[in-house]
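S.K.: Residue strings, one per chain:
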Amino acid sequence: MSPDQASPAPKRSATTPNTAFDLKKSTLVASPELFSDDILHLFHEHAALDVIPIVEDTLPIGLVNRHVFMNEMARPYMREIYGRKSCIAFMDKQPLIVEENTPIQELSFRALAAGQKALSDGFIIVKNGAYTGVGSGFDLVDAVTKLQAEKSRMVMESIEYASVIQKSFLRPSQRDLAACLPDHVLLWEPRDVVGGDFFVFRHFDDGFFIAVIDCTGHGVPGAFMTLIMASLLDRLLQHGNPRDPASVMAEMNRMVKSILAQDGKHEDGGGSDDGMDTAFVWFNTAQRSMTWAAAKTPLFIVEPASSDAAPPVKVEQINGDRMGVGYRTTPMSHAWINHNLNLAPGSSVFITTDGIIDQPGGAKRIAFGKKRLKNMLTEHHSLPLMAQGSRIMQAFGTYQGEQTRRDDVTFFGFRP
Amino acid sequence: MQDLYIDATNTSPEVDFRFNEHQLVLRGESYPENAAAFFGPITEALREYLEQSQDQTIEVIIELTYFNSSSTKVLFNIFDMLNTAAANNTINLHWRHDEDDDTILEFGEDLHEDFPAINYIPESFES
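Chains A and U, in that order, are what the protein sequence lines are.
At the far end of the first sequence sits residue 416, using the numbering used here, and the numbering has no gaps.
At the far end of the second sequence sits residue 127, using the numbering used here, and the numbering has no gaps.
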């Protein structure tokens with residue numbers, strides 16, 4: 001009739017627990033033949049004991065909780081009535097019982113379904129129905145937390161590596177940009193390590209082609225889109241005419257719509273509706289002439305004073321066409337417009353994705369806005385572009401304040 | 001028809017569609033991970049309401065401070081539905097924005113241009 005000891009606890013592995021077995025602890029168990037007085041003695045003797053499983057032969061039939069039991073026994077006459085009766089009077093007759101091979105995830109769902117008691121009293125662990133030990137709610141929470149941490153670590157590692165790939169994809173453009181345009185700025189800040197913003201710079205004999213791209217979405221889906229767009233654009237720049245950005249854009253629209261089945265031929269409802277907002281720029285170096293087409297992306301041209309009488313600096317905003325590239329609602333045959341401009345010496349050109357302009361912040365929690373950006377471009381126009389960029393990003397960070405970053409951010413400028 | 005109310009969250013706006021009072025309110029920010037999933041039931045309810053509306057004056061009050069590009073697409077669909085419904089109804093769009101929020105105001109003006117059948121009423125407020 002003496003309480004028997006369960007098998008020794010399994011060796012705890014250093015790695016994350018996988019099943020109920022890994023949470024198993026041995027504890028005092030009692031047989032249902034024990035009296036309530038015996039249980040009272042056990043609780044008195046073993047101050048650290050919170051629960052006592054009741055096991056009949058090898059079968060767990062209940063769990064006695066110290067607090068519940070002690071409260072009951074402290075009531076008037078309870079000891080007199082129940083002291084010499086079977087200890088099953090005050091046990092929980094339906095404790096959570098799980099097989100050793102139950103995965104932690106499933107165990108946590110069952111513990112939640114069992115309610116509060118599985119977390120406070122713990123649960124009984126069995127092998128083919130036979131009692132082998134107990135598990136505590138604390139250990140279960142700990143295991144679930146470790147499991148989640150492990151899973152998110154694996155996801156993060158995978159995204160970190162995706163970021164290495166995405167950055168490599170940007171590198172040739174950054175290298176060419178630095179070689180062709182010493183006075184430039186390119187800030188690329190994905191919201192979630194990888195993102196849907198992208199930048200392309202290609203050098204040709206008579207000039208260069210620039211694309212600032214904001215694909216739908218951010219994070220991993222956004223990054224998928226940038227790779228699709230970058231490879232399509234790459235192909236178009238090899239075979240098409242970079243000097244006619246509007247035609248490159250129109251061709252790109254057709255290609256995106258057909259490869260993503262957004263051409264209206266596959267109306268099954270479940271497909272994607274993805275595309276990009278973008279500006280494609282051709283700059284002829286000898287003539288200092290710029291031709292660009294833009295889809296929902298404004299250009300900002302900063303001109304220094306033309307004469308002493310004129311204001312010291314002028315910032316002109318030229319909005320893009322209000323049609324994105326590749327989306328379901330964009331017609332297959334949509335034609336974007338080429339804008340033309342001869343860039344005066346000392347003028348600079350800035351293109352940003354909506355990540356800066358739309359970011360809420362400040363005391364009112366409203367968007368950063370184009371006006372604020374233009375004011376900053378005016379204020380810092382005499383600085384090298386990289387210095388302007390860092391001033392603007394500093395102000396942007398201050399403005400954002402406690403607000404979370406809402407979108408990927410790309411800020412590009414050049415002064416040829 | 002059953003009114004539709006959804007509380008605002010960090011990433012989705014408050015939706016207060018009182019179909020019985022012909023007043024539809026969207027307020028807050030909108031950047032749910034899956035805008036199509038969030039707005040699906042909302043546009044569905046709106047479609048049903050507009051189908052049975054005739055010679056009705058409908059007050060639409062929009063006070064959004066941020067919406068991401070996928071929410072923008074959904075908003076355009078909603079305004080497209082309202083624009084169509086404006087053939088048989090009067091749709092008053094109260095486009096509310098902070099007096100300093102030129103981004104939201106600009107978006108409203110684009111909407112006005114695209115959906116001329118809707119009475120566009122910009123309303124700025126101080127905060």
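Worth double-checking, as some hints may not be accurate.
DEER-style ranges, computed between Cβ atoms [unchecked claim]:
no. : chain 1 : residue 1 : chain 2 : residue 2 : range
1   : A       : T378      : U       : N20       : 18 to 26 Å
2   : A       : L227      : U       : N34       : 33 to 41 Å
3   : U       : D114      : A       : E189      : 29 to 37 Å
4   : U       : M1        : A       : M70       : 56 to 64 Å
5   : U       : A37       : A       : M70       : 33 to 41 Å
6   : A       : S258      : U       : D80       : 22 to 30 Å
7   : U       : R47       : A       : T285      : 51 to 59 Å
8   : A       : K146      : U       : D7        : 31 to 39 Å
9   : U       : E44       : A       : N128      : 28 to 36 Å
10  : A       : L227      : U       : Q56       : 29 to 37 Å
11  : A       : E189      : U       : E48       : 40 to 48 Å
12  : U       : A117      : A       : S258      : 32 to 40 Å
Computed list of lysine to any residue pairs in SDA-like fashion (alpha-carbon distance at most 20 Å, straight line) [as the list claims (entries may be wrong)]:
no. : chain 1 : residue 1 : chain 2 : residue 2
13  : A       : K85       : A       : V68
14  : A       : K371      : U       : T11
15  : A       : K85       : U       : E63
16  : A       : K364      : U       : P122
17  : A       : K371      : U       : E126
18  : A       : K370      : U       : L64
19  : A       : K364      : U       : R18
20  : A       : K370      : U       : E14
21  : A       : K364      : U       : D98
22  : A       : K314      : U       : P122
23  : A       : K364      : U       : M1
24  : A       : K374      : U       : E106
25  : A       : K364      : U       : A8
26  : A       : K370      : U       : E106
27  : A       : K364      : U       : E99
28  : A       : K370      : U       : D98
29  : A       : K364      : U       : D110
30  : A       : K127      : A       : L28
31  : A       : K370      : U       : N10
32  : A       : K146      : U       : D110
33  : A       : K364      : U       : G28
34  : A       : K371      : U       : R47
Calculated from the structure, these hints are not laboratory results.
Cβ coordinates follow ideal geometry from the N, Cα and C atoms, glycine included.
S.K.: Hint by hint, note whether the structure agrees.
M.R.: Checked hints:
no.	hint	in the structure
1	T378/A - N20/U: 18 to 26 Å	violated, 51 Å
2	L227/A - N34/U: 33 to 41 Å	violated, 21 Å
3	D114/U - E189/A: 29 to 37 Å	holds, 31 Å
4	M1/U - M70/A: 56 to 64 Å	holds, 58 Å
5	A37/U - M70/A: 33 to 41 Å	violated, 51 Å
6	S258/A - D80/U: 22 to 30 Å	holds, 25 Å
7	R47/U - T285/A: 51 to 59 Å	holds, 54 Å
8	K146/A - D7/U: 31 to 39 Å	holds, 33 Å
9	E44/U - N128/A: 28 to 36 Å	violated, 51 Å
10	L227/A - Q56/U: 29 to 37 Å	violated, 48 Å
11	E189/A - E48/U: 40 to 48 Å	holds, 42 Å
12	A117/U - S258/A: 32 to 40 Å	holds, 33 Å
13	K85/A - V68/A	holds, 17 Å
14	K371/A - T11/U	violated, 25 Å
15	K85/A - E63/U	violated, 70 Å
16	K364/A - P122/U	holds, 19 Å
17	K371/A - E126/U	holds, 18 Å
18	K370/A - L64/U	holds, 18 Å
19	K364/A - R18/U	violated, 28 Å
20	K370/A - E14/U	violated, 27 Å
21	K364/A - D98/U	holds, 8 Å
22	K314/A - P122/U	violated, 29 Å
23	K364/A - M1/U	violated, 37 Å
24	K374/A - E106/U	holds, 15 Å
25	K364/A - A8/U	holds, 18 Å
26	K370/A - E106/U	holds, 10 Å
27	K364/A - E99/U	holds, 10 Å
28	K370/A - D98/U	holds, 15 Å
29	K364/A - D110/U	violated, 23 Å
30	K127/A - L28/A	holds, 18 Å
31	K370/A - N10/U	violated, 24 Å
32	K146/A - D110/U	violated, 50 Å
33	K364/A - G28/U	holds, 13 Å
34	K371/A - R47/U	violated, 37 Å
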